[in-house]
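Visitor: Single-letter residue listing:
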Amino acid sequence: MSGAESGSARPREGILCGSGQSGAALLTVLVVLTVLGIAVTILMDRSRGDIRPWARELENAQALYAAESGIAFQLYLERFSDSTEPAFGKGAEAEVEAAAGGNPDPFLGGAKALTDTFSYHLDTLRAVPEVRVDRARAYLDITSKGRYRNAEATVTARFGKALDDSVFGPALTLDNAEPLESISANQVIGAIRMRTPSPGIPNAPWPQGFTTSAYTAAFSDKRYGALESALQKKLGEQGGEGGNGNFTRTDPPVFAKGGDLFFPLGRVELVNHDDEPWVLKGPGRILCDGEIRLKGLIRLENIQLLSGKDITFEDSVTGDGISAFARGSIYFHNRCNLGIEAVAGKDIVLRDRCQTHLGSVLLSVGNRHLTKGADTVNAIRIVNEAVARGFLIAGGANGRVALATQANIVEGVVIAAAVWLSGEVRGPVLTSKLLCEGTNKRNCLGTGRINRNLLPANFVQPLELGPQDRRLYVFKLMEWKRT
Amino acid sequence: MSVQRRFAALTSAQRGFTILEIVVALTVLSAGSSVLWYGLRSSAKMDRLNRLHHAAVTAARSDLEALRTRTKTGIHDTSYLAIGAGADSLLVIRRVMDSARIVNSLEELVLDDKLSPKELRKPLEVRVSVFRAPSEVAAEMLEKAESTAAGFGNEDDAGDPGGGPGRPLAALILKLPEYRWY
Numbered sequence: 102m103s104g105a106e107s108g109s110a111r112p113r114e115g116i117l118c119g120s121g122q123s124g125a126a127l128l129t130v131l132v133v134l135t136v137l138g139i140a141v142t143i144l145m146d147r148s149r150g151d152i153r154p155w156a157r158e159l160e161n162a163q164a165l166y167a168a169e170s171g172i173a174f175q176l177y178l179e180r181f182s183d184s185t186e187p188a189f190g191k192g193a194e195a196e197v198e199a200a201a202g203g204n205p206d207p208f209l210g211g212a213k214a215l216t217d218t219f220s221y222h223l224d225t226l227r228a229v230p231e232v233r234v235d236r237a238r239a240y241l242d243i244t245s246k247g248r249y250r251n252a253e254a255t256v257t258a259r260f261g262k263a264l265d266d267s268v269f270g271p272a273l274t275l276d277n278a279e280p281l282e283s284i285s286a287n288q289v290i291g292a293i294r295m296r297t298p299s300p301g302i303p304n305a306p307w308p309q310g311f312t313t314s315a316y317t318a319a320f321s322d323k324r325y326g327a328l329e330s331a332l333q334k335k336l337g338e339q340g341g342e343g344g345n346g347n348f349t350r351t352d353p354p355v356f357a358k359g360g361d362l363f364f365p366l367g368r369v370e371l372v373n374h375d376d377e378p379w380v381l382k383g384p385g386r387i388l389c390d391g392e393i394r395l396k397g398l399i400r401l402e403n404i405q406l407l408s409g410k411d412i413t414f415e416d417s418v419t420g421d422g423i424s425a426f427a428r429g430s431i432y433f434h435n436r437c438n439l440g441i442e443a444v445a446g447k448d449i450v451l452r453d454r455c456q457t458h459l460g461s462v463l464l465s466v467g468n469r470h471l472t473k474g475a476d477t478v479n480a481i482r483i484v485n486e487a488v489a490r491g492f493l494i495a496g497g498a499n500g501r502v503a504l505a506t507q508a509n510i511v512e513g514v515v516i517a518a519a520v521w522l523s524g525e526v527r528g529p530v531l532t533s534k535l536l537c538e539g540t541n542k543r544n545c546l547g548t549g550r551i552n553r554n555l556l557p558a559n560f561v562q563p564l565e566l567g568p569q570d571r572r573l574y575v576f577k578l579m580e581w582k583r584t
Numbered sequence: 053m054s055v056q057r058r059f060a061a062l063t064s065a066q067r068g069f070t071i072l073e074i075v076v077a078l079t080v081l082s083a084g085s086s087v088l089w090y091g092l093r094s095s096a097k098m099d100r101l102n103r104l105h106h107a108a109v110t111a112a113r114s115d116l117e118a119l120r121t122r123t124k125t126g127i128h129d130t131s132y133l134a135i136g137a138g139a140d141s142l143l144v145i146r147r148v149m150d151s152a153r154i155v156n157s158l159e160e161l162v163l164d165d166k167l168s169p170k171e172l173r174k175p176l177e178v179r180v181s182v183f184r185a186p187s188e189v190a191a192e193m194l195e196k197a198e199s200t201a202a203g204f205g206n207e208d209d210a211g212d213p214g215g216g217p218g219r220p221l222a223a224l225i226l227k228l229p230e231y232r233w234y
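Residue numbers (my numbering), protein chains in the order written: chain A, 102 to 584; chain B, 53 to 234.
Think of the hints as simulated: they come from the structure by calculation, not from any bench. One should not assume that every hint holds.
[To be verified] Within a straight-line C-alpha distance of at most 30 Å, the following computed DSBU-like cross-link-like pairs (lysine-lysine) qualify: (1) B/K170 - B/K124; (2) B/K124 - A/K582; (3) A/K323 - A/K534; (4) A/K396 - A/K334; (5) A/K577 - B/K97; (6) B/K124 - A/K246; (7) A/K191 - B/K170; (8) A/K246 - B/K170; (9) B/K124 - A/K577; (10) A/K246 - A/K335; (11) A/K323 - A/K335; (12) A/K396 - A/K358; (13) A/K191 - B/K124; (14) B/K170 - A/K577.
With the hints as extra help, turn the sequences into a complete structure.
Guide: So, in structure tokens, the structure goes:
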């Protein structure tokens, strides 16, 4: 019995504490420890992950505010500085230092002391943002880059001038001695201002010394002159590209460090035959002596085009921040949709459901470079269901704006020596002659409509249009982009 | 006998080894539990701190954003308590580089044609600092902040922590143009 008992005890002993069991508890502990370790690591990692966002949030917010502060300060300089091109930051300081003969102390040897400093009074540790101003456009574009610790923010703002209601308040300003033929009650919504009052039409008083042509001449001359001299200067420089420029989506233009690509003797084509859109981002300038043609699904951002002849936009070209200058004409065909400042020596034609964005400027300045011939008229023509927004200015004695059919619409301001309206203008019209079907001798509106009340409340005018005393300006924000 | 002997045989064969294992196991488990407890606690603390910082940044931003609709003359120094995270409030202190501070900081005054210092045309500079204010001392902190804000040109104009108690949870500076943006 005892032998049997002892015999039966041995195997149990072997099971419970044999070599297979030794370290089982240790193994369990290690497993538990590992699980705990993993749990703690996950928790800590999650917490650490939470720390980063708020630190980042603060840095991003301050970087953004630094960028905004740069824009606020630049606007202050634009308004009150004695300089015509005020700037601040490292570039401006280096300039002042150079003017002072390398002596940074303006009191010791400064020929030109730095009077405007950006420095924060409340915290001297904050960095000065980098601010860049684009003065080549009709509106003021300011880009400011702010930094704080590891964060960086860029703000791009576009400013215009508050619309001068003494000039653009009435719906129709008729600057000639002829009376206006009778119009129906709903054709002109808003006040009418004429040099010669017409019977049965209430007339607003004429402002002292105001003429439409003089008001626009300074603006159109300045815009054309600046762009023409930029084109001439660049084409005369060394280092241009030879021949023509033919670019596609797979072979896009590469802008050099200065941002310019110029063809002194050639023409330029940017064509996209694919269904995929081609986005061409600036800042960059393409200049050539010949014509420029853009065709296909192309989106342009912050690109400037300057041509010695014509510029043509065809087939769904879109974009914003575009600037186009042509000594000849500028054409828009087939559903193009652009935010553009276009300056042409001859005509600007917007057709086939093309549209321009609010804030665009179409400026036709007149026959300056072409040989004077029979066709001396320069015109902005809106045809085939096209919609033009912004300012349409046809300068010179023969400048015309024409809305071909009742389907054509202008949302903005029309200024020209002569205006032919078949469609609707949702904004004011300033002209010396109002023409209609069958005559070009008398003031008549035909089927045209003018509704001043439909002009958007935040509509602004270019800075160089009208009086130039910036201290009297009210800068108005047009666009605000954050990156 | 048989049961007792078997148990005795069992315990005698495992004695020492099992106890050592149990001791090690208990030690390691307690250490692990401590680490886990510490991890959980610090995680919760960190989470609370995160929420507090987030609330502080939001409070600072909302104070600055609210200034955009005001005129230059309507923006002044102020301090107030804002809702924080959990039981803690937030003490928001706004300092403005107003005309009094500007004139006080200038060594030389340059006047314009209207005999106003040119420096006053510059964009208004505003700093908002947000501090943690535990509920039991929040009122006292607010009172202290208000009494500090009454003067100008004092030491805390030089920079952070901006006259507030201790280090701010968030501090933001913005130069506001004199006309409204939006």
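Visitor: Can you list which hints this structure breaks, lowest number first?
Guide: The structure conflicts with hint 5 only, although it agrees with all the remaining ones.
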